[in-house]
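First to last, the sequence lines map onto chains Y and A.
Residue 386 is where the first sequence ends in the UniProt record's numbering, and the numbering goes up by one at each step.
Residue 535 is where the second sequence ends in the UniProt record's numbering, and the numbering goes up by one at each step.
No wet-lab data here; the hints were simulated from the structure.
Hints are supplied without guarantee of correctness; some may be wrong.
[Said to hold, decoys possible] The calculated label-pair distances, taken between Cβ atoms and stated as ranges, are:
| # | chain 1 | residue 1 | chain 2 | residue 2 | range |
| --- | --- | --- | --- | --- | --- |
| 1 | A | P168 | Y | S92 | 31 to 37 Å |
| 2 | A | D119 | Y | G264 | 42 to 48 Å |
| 3 | Y | A98 | A | E154 | 35 to 41 Å |
| 4 | A | E169 | Y | G129 | 23 to 29 Å |
| 5 | Y | R262 | A | A440 | 33 to 39 Å |
| 6 | A | L258 | Y | T164 | 41 to 47 Å |
| 7 | Y | G129 | A | P168 | 25 to 31 Å |
| 8 | A | R260 | Y | E166 | 38 to 44 Å |
| 9 | Y | G264 | A | R124 | 44 to 50 Å |
| 10 | Y | P298 | A | R276 | 55 to 61 Å |
| 11 | A | E154 | Y | R115 | 46 to 52 Å |
| 12 | Y | R262 | A | R266 | 41 to 47 Å |
| 13 | Y | A127 | A | H118 | 52 to 58 Å |
In this text, a Cβ means the ideal position worked out from N, Cα and C, and glycines have one as well.
Residues per chain, in single letters:
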Amino acid sequence: MKVIVVGAGIVGAACAFHAVSAGLDVTVLDRGPVGAGTTSRGEGNILLSDKEPGPELELARLSRTLWDEAGEELGSASLEWEAKGGLVVAASPEALTALHAFAERQTAAGVRTVRVDRPADLEPHSAPGLAGGVHYPQDAQVQPVLAAAALLRAAVRGGARLHTGEAAAAVTGAGGRITGVRTADGTVLAADAVVNAAGTWGGEVGRRLGAPVEILPRRGFVLVTEPLPPMIRHKVYSADYVANVAADGAGLETSCVVEGTRAGTILIGASRERVGFDTTMNPAVVAVLAAQACRLFPFLRDVHLIRAYRGFRPYCPDHLPVVGPDPRVPGVLHACGHEGAGIGLAPGTGALVTAHLLGRPWRGADPAAHTGLLPDRFLTTGGVPT
Amino acid sequence: MREPSERGPDRSSEHSTREPSRNATGGHPEHPEHPEHPEHPERPERPERPERAAGLPSEPPDLVVVGAGPAGMAAAATALDGGLRVALVDSGAAPGGQFWRHPPDHAREAVPTADLHHDLPAYRALRATLESHRRAGRLALLLNHHVWTAVRAEHGFAVHAMDRSHPPEERAVVLHAPALLVATGAYDRQLPFPGWDLPGVLTAGGLQSLLKGGGVVAGRRVVLGGTGPFLLPVAAALAARGAEVVAVCEAAAPSNWLRRPLPLLRDPAKWAEAARYAAVLARHRVPVRTRTAVVAAEGDARVAAVRTASLDGDGRPLPGTERRIDADTVGVGWGFVPQLDLLLPLGCDLADAGDGTLAATVDAGQRTTVPGLYAAGETCGVGGAALAVAEGRLAAVSVLTDLAAPGRPHPRRTAGVRRTAARHRAFARAMAGAHPLPPAWPAWLTDDTTVCRCEEVTAVAVRTAREEGRASDHRQVKQLTRAGMGWCQGRMCGPAVHCLVAAPGRPYAPAERLIATPVTLGALADSVEPPSATT
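Pulled out of the complex, with its shape left as it was, chain A reads as follows (with noise of 0.2 Å):
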């Protein structure tokens, strides 16, 4: 535990070269004049600029926070709150993060998607929280900012981003301060299939994104499949704004959750979330199928059908049960992975979040096993927006008390969220045991069947991979195969491969990527060498 006495919010000027700052007229952060760089940590001071703009950051942040989502947003206004500068970062163009996704501030008008949004009142007061703090010049917001890679440094973290607010262009930006929370949520799990590589085959999250961010309805007649309550939501929102969806695949059993019904009898809310969901679902026609999967898409340029077919116990097509669906978009999801690309490189260790998947370990109150370190939100594992508030909540409570921060929420207030939170948590292990992947998903795929989409990789050399390569896990494959070395760094198929080759049971533990999001190497060069040194 750290000293109070050098702690605080009322800091040295330490920091001060890297503070997020915003210059009067363009309203972005300022380009670091000088690179960052560990091995000569004490820097000029940088004199004060007489441009910046009364009321806008001029200290450095005591907590930077990644991602601006249900997680991030509800840390950084409780820290707020409690007295802390922060920088709440976000390479999207409005706060919310996937759940909460709206076009930009500027569209917002034209285009109406209140009615796609849960919990949309919450969404509104952490906002208006946000924005007074943000007036009071205690909030630097970054959005259009993408974070690609986070350091330890002198006196905390160094977090490097490249702002993208004004495109084409692209700036690097470090943030410095001593404590860091990492929110970055969750991707799309996806299992390849043959046909999944067709145009018109999207994720299940992708389609909802598609809707929230600018109410882009992706096709006429969906099919949507894989597991996990979020298809429902991905469905009723479609069906409500005019698409055909045909048919909701579900695979798991509906009896698998009476299996462990507890967790679901003590959150009455997520009865009545299913129930509005199914009377959506049953007032546009949409059948929900259990127990079924869409085991391949058919098309020439780009998806026409899908086949379905029921499975049985362990996930294996029954045979004579195969359908052919007409469709012209597919959304897949097999429930999400916790995005854990910039917690990996900082030394964070993982647990089993037991979906197959690792997320961060954390303590009761957030904390990483890394000094300063916080995690919330998905990256701790898989459990929906309503944890994620909570255990943003949670998070900013420990910075408080860890920074020795003069405010903080009641001890009662708190132990309330770890309630709301240990409840939340409960209910997304029964979720992931009642949806678990089909362990015989891999029974779908032909031998030519495309696995990593972006190196063209098939089945089969995967699974000569394992036989003649011995490799046992993702990364080996990347080796022999190139599985995994594309565009997206293995982030789609990293999931799949895993499962083609690793032992039954392990959870899938992520590649380390030490470039978290992809920069231009112009910004990279300018942010050591400014441009009017090299022309």
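Isolated chain Y, as found in the complex (with noise of 0.2 Å):
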């Protein structure tokens, strides 16, 4: 089966790697470089304690066990993978029952979570006075531009082929199955399947397609320090950060996410703002961002910012990705909408995909435990995504 997969970036090299796995013919197509999109803007997360049970938090479980498989046979170094865990702590008592009760609610869905009481037993220098706080074991690192670049390598040793071009539109045969790509330059690319690995983009590739979704943008900021010695251990984050993550309101929802990283250099993330995709600098959010990370490490306040980035998570309206066959196009399948999770959430959908591709479970990837990512949910009589 020849398989065009729309993306080079950390999903589509997952489809890649994972296709190619599976024998079947692919062509990785993007218009750029890899990972030059969403993948190069965030910190590379791959996080259960932020998701709550339910279709993404199955994903995440397995995309989790996944990637652990992916360091094994890729090498743990070649992605900088770094199984540094995970703390969510809380200011207040308030907070601190929310997030237990979160919390418990993970256990039951099979994520491993450790009560904290004192933080500063985990993070010596975070600030005293906190409440408590949840470890999370699970959560890890990698640095996504050389893991999307090692799954991408790893798929063309495996035959895959890369290919520079804009996806243009679908050619289709008969009963309006797709049978290939048309590019901007014209050439088309022969396809029995084509994946829309898109990220921000899959909403563009997916009209073109003749298969649209909403996938919107919700722009972050993040921050890098000066490089130190090793002050920060795990991802560290306020309880509030779960509460932003789901939050369906508009305008700017910042709370930070803070992490040293093997460059010495500590992360500050992320801000949440529905904006398009305007670039423009926003240096109250940088503000508010700074201010944040230096209520939960004091010694932050001496430490120098020397870089800020921004980047578009691609969110569809139900904050779920989208993993599955396009009943309106056969031979379409989407893979995006994953929001701030497409790091932690590629193996898994680069699994699904294979999966359905192959009409079969693959990797511990089984259709019928994910049909809550299926695009169905957004279509009603016409087609027309709501």
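Got two chains here, separate frames each, mind docking them using the hints?
Structural data, given as structure tokens:
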């Protein structure tokens, strides 16, 4: 079976990696280089801690296992893999009660959680006076561009091709079934199936393939400090973050996630703004993130911010990724809308897409267990996304 | 074009919550009580401060000028003479920028530097003009202010700076104005070579700054290398101050100038300048070797010697021409790169400057493609101080016109400035053509030559990113190798990495840097949560 994966970000790379290992003939199509979009704009989070029980957590748990396997196969150093664990802290007793209740539901859904009475035991430089926290040992991190590049390299070793070009339109045959993709320069690439893994541009690629899905951008800023000796060991964030990830309000929401990196820099993410593809710098957001980070780790007050970057998380209206075949155009599968969780969810998505292509479970991904992510949920009669 | 009735120096009170004001005791701008918050542009009026000293700016500026070098000083002076209120912001301790870099005013007597400067009367005249406007309360001269970002705001621009006039204290300051001029200059372009990360290897501009800013002669036996006429004044100044300049290695061939002699012939002042440097160098017996480059520096704890080589037409070292020269200091400069950090995030268009760099696109009046945003000096293409002064004046004339200010220089005078600028621009183009980067310079690199000094990324790692990672620009190389992720954020290695991976002939497009200069998280935090609220 000939498969075209549109998008060479982390999700496209993972789709190619799994499809090739299942013996499929894969071409990855991207107008730019590997991981140049949202993949390069995040922190490389692989999180279970921020997900409430439901379809996304199920995909995240599968994905977490597959990241371990990918690390073994590709070499964890090539991904800059770090199983550093997450620490969610609560400033007040009320917030701690809510965090504990949330963690209990996660535990019931198969997430490992450990209550932490004194966050300073895990993070000696954290602010005094925190009410408590929860430790999530499964949270981890990769350097996302290196990870995408490593997955793609492995796919190419297995026979995948990289094609630089922009998907312009679907070529369809009998019964409206897709038979290929026409690129912007007029080239036609033949295919039995096309995977839309275009991330933030997934909505546009879906439209071009005749299978529109609503994917919206949610802007985020990440701050990077000067390099320091190791000061922060985990991904540390305040319990408000969990509320923000799920929040649907317009405008700005910030709740910082603070973590050290191997290079010594400290990353401070992640604001959330619904401003379309507006790339404008927002100094107020930067200042709010800085203030929140200083509240969690007072030593950061004297530390220099040397860089900030921003990206656009691709999200669906219901904040769940859309993974699976589109009933309107046979042969088109979606693998996008992962919002801020694309790095963590990538291998699970790749395996699930491969399972859909094969028509049978693949590497623990059973399409029957992930029906909540299917594109059908957006479709009303006439194929108009809601 | 804006309606004149909406604009003009007698502006309504809408900006008055943001003015750079000075309090009577410290002499530095007040800390803004509220964070800049674009979602809530309307803020309650801040009551007048009773302690505000008489004669200091009491109204918001019409124009913020970032950079008090030749371009920024000239622009501010012209705008002030035309009746505008101006905030002139600079990270340095004294106006002048790099070209007219001076010790801080309090040290001026102790460290005489007048002999190191060129065209000091112009500097003194500009300072006198600025000083009279400052006394009249129309100029806010904000020194030791580091601008870390500038954004578009409701009625123009918001310029975010950190006031470091009382270290270690660092305080956030926000300036609002309808017009913004970015005159942030340029910095030395560096090309790596084996040993360039040894202590004692500096930029040519760095050597000059040490001299002008503090009278410091950085070494005893100095070798200069690179390309461009800037090497000559550095050599002359070092020699005049007692350093032994053992060689000036100019990569270009002097015959390059013969291909386009016209701009040089039309600029007799440049002849005179060159002749003066030549005389100084001859007097101190400083050898200038053309078609020669410093291809390696050697030493243990610091540089002890350099290796130089003659270059073929492409810049490849010719076998058998290597020489070893003992030296304790090396100064290298391959021209300059426009400092565009503030301009890029504002979204203004860039154009090929003809010297391998991109610079801000401006019209004949120095207007960028963003309304209300102006650029002058090296940010629109490297061309030297005289051009910068002319461009600064032209930019100010545009601001006066666009804001419908009452005073504008006589059109005939402006036309004269325009002719001056055109002549200097033609000279700069010719100079760029005569002093290109030698295309084969990567031949000097060994696999283990450090390319990015901050993150210690080697040449072979960059080549691997190009060949295996298919990286074709410095941003992709950064993602794959960390080159450019360290302290300097690729300001140092960016142009070199670009040359190593990009298609030949493509000019260097600097990475967008949302944070133009490092700032402490604490100062940022205090700008949204004043310290009293958090303790």
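Going through the hints against the structure:
The hint said 31 to 37 Å for the Cβ distance between P168 (chain A) and S92 (chain Y), and at roughly 33 Å that hint holds. A C-beta distance of roughly 45 Å is found between D119 (chain A) and G264 (chain Y), which places it inside the suggested range of 42 to 48 Å. Take A98 (chain Y) and E154 (chain A): their Cβ atoms lie about 38 Å apart, and the range 35 to 41 Å holds. Look at E169 (chain A) against G129 (chain Y): about 26 Å separates their beta carbons, and that is inside 23 to 29 Å.
R262 (chain Y) and A440 (chain A) have their C-beta atoms about 36 Å apart, which keeps the hinted 33 to 39 Å range intact. L258 (chain A) and T164 (chain Y) have their C-beta atoms about 44 Å apart, which keeps the hinted 41 to 47 Å range intact. Separation of G129 (chain Y) from P168 (chain A) is about 26 Å and conforms to the stated range, judged on CB atoms against 25 to 31 Å. Roughly 41 Å separates the CB atoms of R260 (chain A) and E166 (chain Y), a value that falls within the hinted 38 to 44 Å.
Restraint check, G264 (chain Y) to R124 (chain A): a C-beta distance of roughly 46 Å satisfies the suggested window 44 to 50 Å. Checking the proposed 55 to 61 Å range against P298 (chain Y) and R276 (chain A) shows it holds: the Cβ atoms sit about 57 Å from each other. In this structure the supplied range 46 to 52 Å holds for E154 (chain A) paired with R115 (chain Y), their Cβ-Cβ distance being about 48 Å. Look at R262 (chain Y) against R266 (chain A): about 57 Å separates their beta carbons, and that is not inside 41 to 47 Å.
Restraint check, A127 (chain Y) to H118 (chain A): a C-beta distance of roughly 54 Å satisfies the suggested window 52 to 58 Å.
This entry does not satisfy hint 12, going by the numbered hints stated previously; all others are met.
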